[in-house]
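Visitor: As they're listed, the protein sequences go chains E, P and S. Position one of the first sequence corresponds to residue 1 (the numbering used here), numbered consecutively onward. Position one of the second sequence corresponds to residue 1 (the numbering used here), numbered consecutively onward. Position one of the third sequence corresponds to residue 1 (the numbering used here), numbered consecutively onward.
Be a bit skeptical, because a hint or two may be false.
[Said to hold, decoys possible] Distance windows between CB atoms, simulated:
hint, chain 1, residue 1, chain 2, residue 2, range
1, P, R627, S, A184, 35 to 43 Å
2, E, G23, P, A155, 49 to 57 Å
3, E, R67, P, V317, 52 to 60 Å
4, E, F115, S, Q136, 41 to 49 Å
5, P, A402, E, F115, 45 to 53 Å
6, P, S455, S, W15, 56 to 64 Å
7, P, A5, S, A133, 43 to 51 Å
8, E, W116, P, S455, 55 to 63 Å
[Claimed, not checked] Examples of chain E residues toward chain S, derived with CB under 10 Å:
hint, residue
9, P39
10, A42
11, T111
12, S206
13, M207
14, A236
15, P238
16, E242
Derived by calculation from the structure, the hints in this document are not laboratory data. Ideal Cβ positions, reconstructed from N, Cα and C, are used throughout, including at glycine.
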Amino acid sequence: MIAPVLQVEQLAKSYGGVRALDGVSFDIRPGELLALIGPNGAGKSTCFNIVNGQLRPDAGTVRILGRDATGLPPRAIARLGVGRTFQIAAVFGSMTVVENVQIAWLAAHRTVFAFWNPLANRHRAEALELLEQTGMAELADRPAASLAYGDVKRLELAVALAGNPKLLLMDEPTAGMSTAERGALIALVKALTTERGLAVLFTEHSMDVVFGHADRVIVLARGRLIADGSVDAVRADPKVREVYLGSGLASGERR
Amino acid sequence: MALDALVFQAVNGLASASGLFLVAAGLSIIFGVTRIVNMAHGSFYMFGLYIAVTVADRLPSPFDFWGGVLVAVALTALIGALVELVLLRRIYRAPELYQLLATFALMLVMNDAALWLWGPEDQLGPRAAGLTGTVELLGRRLPDYDIFLALAGPAVLLGLNRLLTRSRFGRLIRAATQDREMVAALGVNEAVLFTAVFALGAGIAGLGGALQMPREPASLTLDLAVLGDAFVVVVIGGMGSIRGAYVAAVIVAQVKALCIALGTVELGGLAFNMSKLTLVAEFLVMALVLVVRPHGLFGRPAPATRIHASAVEAPLVPLGPGGRGAALAAIALFAAMPLIGDSFAYAPVLAQDVLIAVLFAASLHFIMGPGGMASFGHAAYFGLGAYGAAYAFLTLGVSTPAALVLGPAIAGLGAVVFGWFSVRLEGVYFAMLTLAFAQIVWSIVFQWEEVTGGSNGLFGVWPEGVLESPTGFYLASFALVLAGVLVLRRLAFSPFGHALRAARDSALRAQASGIDIARVRWLAFIIAGTLCGLAGTLFAFAKGSISPEAISVGRSIDALVMVLLGGVQSLLGPLFGASAFTLLQDTVMRETAYWRALLGALMIAVVLLFPGGIAGGLSDIAARLRRAAGRP
Amino acid sequence: MSETPRLEIEALDAWYGAARILFGVSLHVGRGEAVALIGRNGAGKSTTMKAVMGLVTRRAARLDVEGRDLRALPTYEIARHGVGYVPEDRRIFTELTVAENLDIGRRPRPAGTAPDLPDWTPQALFALFPNLAEMQDRPGGAMSGGEQQMLAIARTLVGQPRLLLLDEPSEGVAPVIVDQMIHALHTLKRAGLSMLIAEQNLDLCRSLCDRAYVIEQGELRWHGAMAELEEEALFGRVAPTNGIM
Numbered sequence: 001m002i003a004p005v006l007q008v009e010q011l012a013k014s015y016g017g018v019r020a021l022d023g024v025s026f027d028i029r030p031g032e033l034l035a036l037i038g039p040n041g042a043g044k045s046t047c048f049n050i051v052n053g054q055l056r057p058d059a060g061t062v063r064i065l066g067r068d069a070t071g072l073p074p075r076a077i078a079r080l081g082v083g084r085t086f087q088i089a090a091v092f093g094s095m096t097v098v099e100n101v102q103i104a105w106l107a108a109h110r111t112v113f114a115f116w117n118p119l120a121n122r123h124r125a126e127a128l129e130l131l132e133q134t135g136m137a138e139l140a141d142r143p144a145a146s147l148a149y150g151d152v153k154r155l156e157l158a159v160a161l162a163g164n165p166k167l168l169l170m171d172e173p174t175a176g177m178s179t180a181e182r183g184a185l186i187a188l189v190k191a192l193t194t195e196r197g198l199a200v201l202f203t204e205h206s207m208d209v210v211f212g213h214a215d216r217v218i219v220l221a222r223g224r225l226i227a228d229g230s231v232d233a234v235r236a237d238p239k240v241r242e243v244y245l246g247s248g249l250a251s252g253e254r255r
Numbered sequence: 001m002a003l004d005a006l007v008f009q010a011v012n013g014l015a016s017a018s019g020l021f022l023v024a025a026g027l028s029i030i031f032g033v034t035r036i037v038n039m040a041h042g043s044f045y046m047f048g049l050y051i052a053v054t055v056a057d058r059l060p061s062p063f064d065f066w067g068g069v070l071v072a073v074a075l076t077a078l079i080g081a082l083v084e085l086v087l088l089r090r091i092y093r094a095p096e097l098y099q100l101l102a103t104f105a106l107m108l109v110m111n112d113a114a115l116w117l118w119g120p121e122d123q124l125g126p127r128a129a130g131l132t133g134t135v136e137l138l139g140r141r142l143p144d145y146d147i148f149l150a151l152a153g154p155a156v157l158l159g160l161n162r163l164l165t166r167s168r169f170g171r172l173i174r175a176a177t178q179d180r181e182m183v184a185a186l187g188v189n190e191a192v193l194f195t196a197v198f199a200l201g202a203g204i205a206g207l208g209g210a211l212q213m214p215r216e217p218a219s220l221t222l223d224l225a226v227l228g229d230a231f232v233v234v235v236i237g238g239m240g241s242i243r244g245a246y247v248a249a250v251i252v253a254q255v256k257a258l259c260i261a262l263g264t265v266e267l268g269g270l271a272f273n274m275s276k277l278t279l280v281a282e283f284l285v286m287a288l289v290l291v292v293r294p295h296g297l298f299g300r301p302a303p304a305t306r307i308h309a310s311a312v313e314a315p316l317v318p319l320g321p322g323g324r325g326a327a328l329a330a331i332a333l334f335a336a337m338p339l340i341g342d343s344f345a346y347a348p349v350l351a352q353d354v355l356i357a358v359l360f361a362a363s364l365h366f367i368m369g370p371g372g373m374a375s376f377g378h379a380a381y382f383g384l385g386a387y388g389a390a391y392a393f394l395t396l397g398v399s400t401p402a403a404l405v406l407g408p409a410i411a412g413l414g415a416v417v418f419g420w421f422s423v424r425l426e427g428v429y430f431a432m433l434t435l436a437f438a439q440i441v442w443s444i445v446f447q448w449e450e451v452t453g454g455s456n457g458l459f460g461v462w463p464e465g466v467l468e469s470p471t472g473f474y475l476a477s478f479a480l481v482l483a484g485v486l487v488l489r490r491l492a493f494s495p496f497g498h499a500l501r502a503a504r505d506s507a508l509r510a511q512a513s514g515i516d517i518a519r520v521r522w523l524a525f526i527i528a529g530t531l532c533g534l535a536g537t538l539f540a541f542a543k544g545s546i547s548p549e550a551i552s553v554g555r556s557i558d559a560l561v562m563v564l565l566g567g568v569q570s571l572l573g574p575l576f577g578a579s580a581f582t583l584l585q586d587t588v589m590r591e592t593a594y595w596r597a598l599l600g601a602l603m604i605a606v607v608l609l610f611p612g613g614i615a616g617g618l619s620d621i622a623a624r625l626r627r628a629a630g631r632p
Numbered sequence: 001m002s003e004t005p006r007l008e009i010e011a012l013d014a015w016y017g018a019a020r021i022l023f024g025v026s027l028h029v030g031r032g033e034a035v036a037l038i039g040r041n042g043a044g045k046s047t048t049m050k051a052v053m054g055l056v057t058r059r060a061a062r063l064d065v066e067g068r069d070l071r072a073l074p075t076y077e078i079a080r081h082g083v084g085y086v087p088e089d090r091r092i093f094t095e096l097t098v099a100e101n102l103d104i105g106r107r108p109r110p111a112g113t114a115p116d117l118p119d120w121t122p123q124a125l126f127a128l129f130p131n132l133a134e135m136q137d138r139p140g141g142a143m144s145g146g147e148q149q150m151l152a153i154a155r156t157l158v159g160q161p162r163l164l165l166l167d168e169p170s171e172g173v174a175p176v177i178v179d180q181m182i183h184a185l186h187t188l189k190r191a192g193l194s195m196l197i198a199e200q201n202l203d204l205c206r207s208l209c210d211r212a213y214v215i216e217q218g219e220l221r222w223h224g225a226m227a228e229l230e231e232e233a234l235f236g237r238v239a240p241t242n243g244i245m
């Protein structure tokens with residue numbers, strides 16, 4: 001059996017006496033696209049932010065590629081081989097598209113403390129290669145601030161991949177995109193996952209995306225993991241239907 | 001140390017705290033709703049005091065004081081409303097730093113207005129009818145009025161609190177503090193609300209000023225002095241927290257009172273006069289609070305407020321052939337300056353001033369533009385460089401070239417220490433901590449007479465050896481400034497410069513990509529401090545002397561104005577800004593007693609007409625010309 | 001009841017800074033009618049609503065509410081003329097309690113209001129959204145996404161609007177709560193309110209709306225009865241069959 005990229009064990013976190021997360025455990029293996037879903041306030045963000053290092057858990061452990069990463073700051077987590085995209089895509093607006101990827105490439109290779117040769121001449125080929133993979137090569141010299149939102153999302157993906165991560169954390173990767181763009185982005189992520197043996201953990205509100213593309217789904221409710229399984233198993237799970245999917249009127253289940 | 005002296009000073013401290021609180025509260029309320037850091041806030045305090053004194057002078061005895069206070073509050077509120085209608089309304093959408101520049105300009109204009117209205121002499125008002133007596137406390141006599149003042153602060157605090165929680169106006173203020181656009185979309189006339197809030201804040205500041213009537217005379221230096229105090233109090237308490245402002249005002253006033261009460265203390269055999277600390281006590285408290293709580297005592301991490309995104313800076317592009325040509329021409333002009341000196345004796349002197357200002361501004365721009373960190377205390381490194389070099393040269397007897405190395409090194413060392421604390425803070429808090437450090441440096445320089453010469457400063461810092469001739473020194477400083485500017489430019493294009501921009505554009509993204517933001521910012525701060533120290537060193541040798549004036553708040557603000565005037569989004573901005581500012585100061589400003597108003601009006605014009613500064617305005621014109629030329 | 005529509009827009013253009021977002025949008029919403037505005041993110045749905053409210057730079061041949069021209073009016077006057085705006089991300093005043101949030105929007109019923117519209121007193125609202133009644137003293141920031149959405153609608157209703165602009169009311173709201181919201185919106189529709197609803201959730205639109213407009217890249221591509229809207233005609237999967245362009 002292949003070793004997991006991410007192992008989360010018995011995570012717990014409380015805010016002022018309210019248990020936001022209560023004994024959550026799961027893992028991800030290379031090549032796996034794992035969706036984390038649950039109603040608002042179920043603890044998705046808390047769980048996600050503990051894995052990415054923005055929050056420190058009260059109890060439990062996070063292991064990344066077998067190394068204990070519990071409570072490490074975001075930068076240290078990044079150094080362990082973890083890439084990240086944000087719910088509201090964040091890129092460096094005052095740089096061109098290709099410079100965004102170049103600086104991320106240099107940061108991943110710990111060479112940002114270089115003071116003489118301009119950034120423009122450094123690793124442009126590698127950066128363009130990544131932009132090619134995410135379908136952004138044609139826009140390489142455009143200012144990032146001038147991109148349409150769908151393209152910002154793609155650029156952010158390229159920036160996250162510049163560190164050649166083993167694990168990619170995506171917070172609502174398709175928020176703010178159209179149905180067609182959503183499908184295309186997730187298909188791209190899926191292809192990269194397979195190609196690079198990448199593991200992806202993502203939260204998502206669009207059930208179309210979750211049930212159409214995830215390999216496995218975990219469901220949080222009131223801070224506890226109530227389901228962990230294949231798309232079909234989770235969709236059929238009566239507990240999940242009760243707390244999250246509702247009557248089906250608005251669940252996106254209309255295929 | 002007698003208990004009665006302590007108690008006496010404590011009551012006195014509470015009276016002072018009320019004064020501090022009144023200014024700070026208005027500043028905080030205005031910032032909360034309009035998101036404008038009102039640099040002119042001290043001016044309303046000063047106007048309140050002047051108006052109260054003037055009115056009281058014309059009223060019969062029992063009504064003089066109280067009538068003056070009432071009229072002062074009403075008039076400052078009215079002036080506040082007018083300022084909001086005429087000026088602020090036009091700049092709500094401007095970038096934050098330009099708002100600072102505009103309100104600072106307003107302060108200059110108001111200061112000259114006061115000079116014109118009331119003249120340069122200090123004016124003392126009457127005492128408060130009914131509160132002229134004293135009460136006996138522990139064998140000492142306390143003025144009634146101090147007790148009244150000590151109670152006035154909490155009374156206003158309670159009143160404001162009630163207003164904010166119990167009245168519809170207060171609820172609207174709190175709602176608008178979070179999301180003004182939504183308040184309008186719910187049918188509230190937000191324009192009137194903003195005017196009212198500004199009038200309220202200005203009126204409270206006016207009240208604060210007017211109530212000082214029996215304690216201090218109205219003078220033209222009050223605006224800047226009070227502004228500094230008010231900022232410190234607001235920042236210690238946490239921006240936007242009224243309660244925090246009161247607690248902070250009490251802490252600051254009590255610490256100062258305690259320093260006075262303690263007098264000279266013996267510590268490990270060394271006698272130290274604690275009252276010397278009053279000059280920096282508030283800044284020490286602020287530095288301490290900010291290091292422990294980066295958002296002040298009652299402040300919260302930046303609330304999710306909606307601020308209009310300012311235009312995003314364009315990616316860096318190397319100069320085109322035209323730009324290179326212009327740059328070479330400018331370099332040639334400066335290099336040829338000693339030749340011109342034969343016919344225009346003043347030209348090389350002016351050019352020397354411009355060069356020093358350029359490096360001063362360019363070094364600030366490096367952390368302020370690419371780094372996004374607006375330092376309000378950049379003069380500290382200028383002063384450390386100047387004093388470091390002067391001390392090494394005069395007292396240690398090192399050579400001029402060695403002093404030119406030692407000065408910047410000492411400034412760099414200061415930046416290593418102060419930068420480590422500062423770069424961990426954001427926005428206004430960063431600005432205030434850098435200001436605090438600058439004040440601490442100023443106060444040490446001012447008081448450590450054996451080393452710094454105290455208020456007189458150090459003299460006889462004239463370059464020796466090859467640099468002794470004016471031309472030799474001019475050319476050397478030209479080469480050093482040129483090298484400094486080129487290094488900063490090279491750095492901006494380097495991976496390091498881009499890492500700095502990355503941290504500014506999106507700290508989250510930068511961290512997630514593995515960039516050590518604090519280290520990148522710290523190093524940038526050290527580089528900027530060192531080069532600023534070089535500017536200070538050159539200044540000391542160019543003038544032959546150095547005084548504490550070079551580290552004052554005013555000098556730090558000069559640097560900010562130069563950068564903003566030139567355009568913060570352009571690498572060339574500080575060069576234009578510093579040149580224009582120095583030329584203006586050296587020429588036009590000398591011709592009139594009202595130079596502040598003139599400078600202020602100019603700054604307001606820049607903000608309203610060229611929000612991108614001189615560099616932004618020039619590139620707009622260039623773009624328009626290109627478009628016009630491109631047309632068939 | 002006259003035939004003047006509640007909202008009538010002709011040739012509406014809008015800009016975000018230098019970028020033009022809307023190109024000649026024309027639409028109308030009748031009295032007591034619910035109309036869906038459907039399209040991808042970035043298609044111009046939110047901008048249409050913001051343009052009605054005067055929150056973006058805009059130009060229009062006509063922009064009337066009940067025959068009154070809105071074009072020269074500031075945002076707050078537009079709200080006072082009976083337009084209730086419920087923005088995309090709710091924009092609750094998180095520091096204020098539920099009751100205080102409602103107070104910001106509160107406005108007495110204008111004298112000339114059609115008698116068929118209910119007076120939205122807090123009591124009437126709490127009947128509509130029972131959850132809110134129980135949490136009047138809770139700060140807006142301590143509410144769940146769904147509760148905030150209810151409050152955002154309630155806060156607009158206390159301003160006694162005759163037309164509601166609802167921007168993505170189901171976005172980020174758990175499906176169970178969406179069902180409750182659809183129920184409440186049905187009640188409002190029966191009470192005579194007109195609604196323009198920007199939505200990506202087709203089930204919500206089908207359940208509530210009479211007509212639909214499809215917007216794409218700032219231009220209207222299709223309009224017709226909700227029942228005629230084929231899912232395939234949406235989101236550019238298949239070219240629109242009976243487009244108006």
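Visitor: Hints first: check each against the structure and report whether it holds.
Guide: Hints versus structure:
1. P:R627 with S:A184: 35 to 43 Å: Distance hint for R627 of chain P, A184 of chain S is violated at roughly 54 Å.
2. E:G23 with P:A155: 49 to 57 Å: Hint holds: Cβ distance 53 Å, inside 49 to 57 Å.
3. E:R67 with P:V317: 52 to 60 Å: Violated, since R67 of chain E and V317 of chain P (Cβ atoms, about 42 Å apart) do not stay within the stated range.
4. E:F115 with S:Q136: 41 to 49 Å: Since the Cβ atoms of F115 of chain E and Q136 of chain S sit about 59 Å apart, the hinted range of 41 to 49 Å is violated.
5. P:A402 with E:F115: 45 to 53 Å: Once the Cβ atoms are compared, 25 Å apart, the range 45 to 53 Å for F115 of chain E and A402 of chain P is violated.
6. P:S455 with S:W15: 56 to 64 Å: holds, 57 Å
7. P:A5 with S:A133: 43 to 51 Å: violated, 59 Å
8. E:W116 with P:S455: 55 to 63 Å: violated, 44 Å
9. P39: Cβ of P39 of chain E sits 4 Å from chain S, so the hint holds.
10. A42: At about 9 Å, which falls below the 10 Å cut-off, the nearest Cβ of chain S leaves the hint on A42 of chain E intact, so it holds.
11. T111: This hint is violated: T111 of chain E lies away from chain S, its Cβ roughly 36 Å from the closest one there, beyond 10 Å.
12. S206: holds, 9 Å
13. M207: holds, 8 Å
14. A236: Violated: closest Cβ of chain S sits about 16 Å from A236 of chain E, beyond 10 Å.
15. P238: Since chain S brings no Cβ nearer than about 14 Å to P238 of chain E, farther than 10 Å, the hint is violated.
16. E242: holds, 9 Å
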